[in-house]
Amino acid sequence: MDRRVLLLGVMFAFLLFSCQQKKEDKSNEMEMREQMMSETYVDTMTLHVSPFDKQIVCNGRLRAKAKSDLTFLSQGVTTEIYVKEGQRVGKGALIASTDKRERMREVDKAEHEVYRARVELIDKLIGLGYDAEMKDVPPDVMQRAEVMSGYYSAKYQLQSAKKALNECNLYAPFSGRIANLEARTYQQNSKICTLIDDSQFEVEFKILEAELEHIAKGQKIKISSFVGDSVTYSGVITEINPLVDDRGLIKIMARMANKGNALMDGMNVRVIVEQRVQNMFVVPKDAVVERDGYHVIFRYEDGRAVWTYVDIVYSNINSFAITGCQRKETSIHEGDIIITSGNLNLADGTEVKLN
Numbered sequence: 009m010d011r012r013v014l015l016l017g018v019m020f021a022f023l024l025f026s027c028q029q030k031k032e033d034k035s036n037e038m039e040m041r042e043q044m045m046s047e048t049y050v051d052t053m054t055l056h057v058s059p060f061d062k063q064i065v066c067n068g069r070l071r072a073k074a075k076s077d078l079t080f081l082s083q084g085v086t087t088e089i090y091v092k093e094g095q096r097v098g099k100g101a102l103i104a105s106t107d108k109r110e111r112m113r114e115v116d117k118a119e120h121e122v123y124r125a126r127v128e129l130i131d132k133l134i135g136l137g138y139d140a141e142m143k144d145v146p147p148d149v150m151q152r153a154e155v156m157s158g159y160y161s162a163k164y165q166l167q168s169a170k171k172a173l174n175e176c177n178l179y180a181p182f183s184g185r186i187a188n189l190e191a192r193t194y195q196q197n198s199k200i201c202t203l204i205d206d207s208q209f210e211v212e213f214k215i216l217e218a219e220l221e222h223i224a225k226g227q228k229i230k231i232s233s234f235v236g237d238s239v240t241y242s243g244v245i246t247e248i249n250p251l252v253d254d255r256g257l258i259k260i261m262a263r264m265a266n267k268g269n270a271l272m273d274g275m276n277v278r279v280i281v282e283q284r285v286q287n288m289f290v291v292p293k294d295a296v297v298e299r300d301g302y303h304v305i306f307r308y309e310d311g312r313a314v315w316t317y318v319d320i321v322y323s324n325i326n327s328f329a330i331t332g333c334q335r336k337e338t339s340i341h342e343g344d345i346i347i348t349s350g351n352l353n354l355a356d357g358t359e360v361k362l363n
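Per the numbering used here, the very first residue in the sequence shown carries number 9; after that it's consecutive.
Just so you know, the hints here were simulated from the structure itself, not pulled from any lab data.
The reader is advised that the hints may include incorrect statements.
[Said to hold, decoys possible] The calculated lysine-lysine pairs, modelled on DSS-like cross-linking and capped at a C-alpha distance of 30 Å, are:
#1 Lys230 <-> Lys214
#2 Lys62 <-> Lys336
#3 Lys230 <-> Lys267
#4 Lys62 <-> Lys230
#5 Lys293 <-> Lys361
#6 Lys117 <-> Lys170
#7 Lys214 <-> Lys75
#8 Lys132 <-> Lys143
#9 Lys132 <-> Lys117
#10 Lys170 <-> Lys92
#11 Lys225 <-> Lys163
#12 Lys62 <-> Lys214
#13 Lys117 <-> Lys92
#14 Lys267 <-> Lys92
#15 Lys143 <-> Lys92
#16 Lys108 <-> Lys73
#17 Lys170 <-> Lys225
#18 Lys171 <-> Lys99
#19 Lys293 <-> Lys228
#20 Lys199 <-> Lys75
#21 Lys199 <-> Lys225
#22 Lys108 <-> Lys75
#23 Lys75 <-> Lys225
#24 Lys99 <-> Lys199
#25 Lys73 <-> Lys259
#26 Lys259 <-> Lys75
#27 Lys293 <-> Lys75
Please model the complete structure; the sequences and the hints are all you need to start from.
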C-alpha cells in the first residue's frame, strides 16, 4: 500500500513539473516575440554627392505623324473594300473601289473620238501639203491643225476620262494603319476610313511660364502611358510656342518613335522633362518624412535614429535632392548613413537595428 502511494506521489510530482516547465517555455517564447516586435528594423544608405535629374512632369496627348480621312474624289456606289480595321497598309495600297462601268464607257467613247479627230487632223495636214505620216510639220502649224480638227480637245477628253476611271480606286496616300472603317459595300459612302501613320507621334503638352527656362528645342524627354507607366519612350522637343495663354501656360511639341506599336493616336500620356543638376545629395522619397511642418530625415548613429531637419531643393518621381535646413541651421555631410525605410514612427534617439 505504501509503495502505491509513493508511486502515485512521484507521478504527480513529475506531471506537475512538466506543466510548470511548459508554462515557463511558453512564457519565454512570448517574451522573445514581444521583444522582437518591439525592435525596429530599418534599411539605410550612405549619403554621397551625385547628379540629380530634375524633372518637370506634365500631361500630354499623342498625335499621329500623319492622319487622313479617306474618301473617293467622285461619288459612287462602293463595290469593293480591300482592307480591315487595324490593318497596316503601304503607300499606294488599294483601299476600296466604286462602280466603274460608266467610267469605262466614257473612256471607250473618248478613245473613239480621238481616233475620229486624228483622221480629221491628217486630212487637214494633207490639204496643207504634208504627208500622212505628219513628218516635218512645223510646231505652230501642227498646233493649229490639232485645234481646228478637234484632236487637241479629244486628247484632253480622253485624259479626263482615264483620270475619272482611276478615281474609282481609292489608294493609300502614305503607309499606316486603317482605323474607323465606316464604309459598306453596295452603298454610297461619304467616308471610307481613316488612315493613321503611327510610326511616329507628336506629343503636345503645356508648361508653366516659370518653367520655360528649363526647356529648349532638341531637349530629350521621357513619355509613358497611364496604362503601362512602367514602359517609357524617349522623345525630343521640336517646337516651343512663343505665346503664353491666359492661364500662364506655354504649348510645347515633341516627337517620338512608336517602338513596339503600343501607343495610339489621341492617347493621354505622362511627359517628363529632365534637366541634370550636378553635386547634389540624393535620397529616395521614402527617406524624408514630415514633422511639425518641416522635412526630416533620420541618420543612423551608434544604433540610434538621429532626427535631422532638411530642405528639399529639387524633386522627381522617385527621389529628392536635399540640403541641411536653413531655418533650423542643420547640415548633412558626405558619408552620413541615412535611414530609408521603417522611419514613419521613429523619434529622435529611437534604438533601431539594420535589416
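Next on the checklist: Checking each numbered hint in turn, tell me which of them this model violates, lowest number first.
Outcome noted: 11, 13, 15, 16, 17, 21 and 27
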